[in-house]
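If you read the sequences in order, they're chains C and A. Numbering of the first sequence is given in my numbering, commencing with residue 1 and proceeding in unit increments. Numbering of the second sequence is given in my numbering, commencing with residue 1001 and proceeding in unit increments.
Treat each hint with caution, since some may be false.
What the hints assert, rightly or not - Once the Cα atoms are required to be at most 27 Å apart in a straight line, the calculated DSSO-like pairs of lysine-lysine come out as:
1) 1108/A - 1057/A
2) 14/C - 64/C
3) 66/C - 55/C
4) 1098/A - 20/C
5) 1098/A - 41/C
6) 1051/A - 1108/A
7) 66/C - 41/C
8) 41/C - 1051/A
9) 1108/A - 64/C
10) 64/C - 1059/A
11) 55/C - 1098/A
12) 14/C - 1057/A
13) 1098/A - 66/C
14) 1070/A - 1059/A
For the record, the hints were derived by calculation from the structure and aren't laboratory data.
Below, each chain spelled out in residue letters.
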Amino acid sequence: GAVVSQHPSWVICKSGTSVKIECRSLDFQATTMFWYRQFPKQSLMLMATSNEGSKATYEQGVEKDKFLINHASLTLSTLTVTSAHPEDSSFYICSATLAAGLTGELFFGEGSRLTVL
Amino acid sequence: GQQVMQIPQYQHVQEGEDFTTYCNSSTTLSNIQWYKQRPGGHPVFLIQLVKSGEVKKQKRLTFQFGEAKKNSSLHITATQTTDVGTYFCAGLYAGTYKYIFGTGTRLKVLA
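If we strip away everything but chain C, and leave its shape as in the complex, we get (with noise of 0.2 Å):
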């Protein structure tokens, strides 16, 4: 299968400063990633939806500002979580699809554990 790679696994940040997760399509082209947050014991909320070559669709109630997402290949998307503090700690995992009209099976990025202290 399609093969999805999430960078860094785990990242630890002072509050205030900005993180950077990079989510790659290894063998594959994605025009559209997912991304997603997910609470420990708890289920993947979709945060937006990134779009190669154009803006990210945010789902309601995330805001933009706060979590910068730039697709600027079709290999490539970046979530940046800008001045995190601690209630930004969570667990941010990616994902992406071969299938044209994006109903397919996901493939989903090892994720990347982030903790704000």
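Put chain A on the given structure of chain C with help from the hints.
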């Protein structure tokens, strides 16, 4: 908004026992997918169901899509310790491209 609920939230079974998780949507779905997430891992795709009343099997796993396309189930026969993890359904609503993940069912299998 659209919500996909799963029951039970947790399930502990003895190895060899069967397990079922149920997924329910308040409105009709276009299709539904099932994923498994091992502790500390990321979700891995299991199956996609599209047709009303569809039933698919993968070895010990049986997936079902309701006639009204509002509910689905995953049944595992004779659980093994390797079945441990959280099972999520993800529903796709007509006219959208975003999958809404269910609340998940966490399965523990006792040896």
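Do the hints match the structure? See the list:
no.: 1; hint: 1108/A - 1057/A; result: holds (22 Å)
no.: 2; hint: 14/C - 64/C; result: holds (21 Å)
no.: 3; hint: 66/C - 55/C; result: holds (15 Å)
no.: 4; hint: 1098/A - 20/C; result: holds (24 Å)
no.: 5; hint: 1098/A - 41/C; result: holds (22 Å)
no.: 6; hint: 1051/A - 1108/A; result: violated (30 Å)
no.: 7; hint: 66/C - 41/C; result: holds (24 Å)
no.: 8; hint: 41/C - 1051/A; result: violated (31 Å)
no.: 9; hint: 1108/A - 64/C; result: violated (37 Å)
no.: 10; hint: 64/C - 1059/A; result: violated (43 Å)
no.: 11; hint: 55/C - 1098/A; result: holds (16 Å)
no.: 12; hint: 14/C - 1057/A; result: violated (48 Å)
no.: 13; hint: 1098/A - 66/C; result: holds (22 Å)
no.: 14; hint: 1070/A - 1059/A; result: holds (25 Å)
The structure is inconsistent with the numbered hints 6, 8, 9, 10, 12, although it conforms to all the rest.
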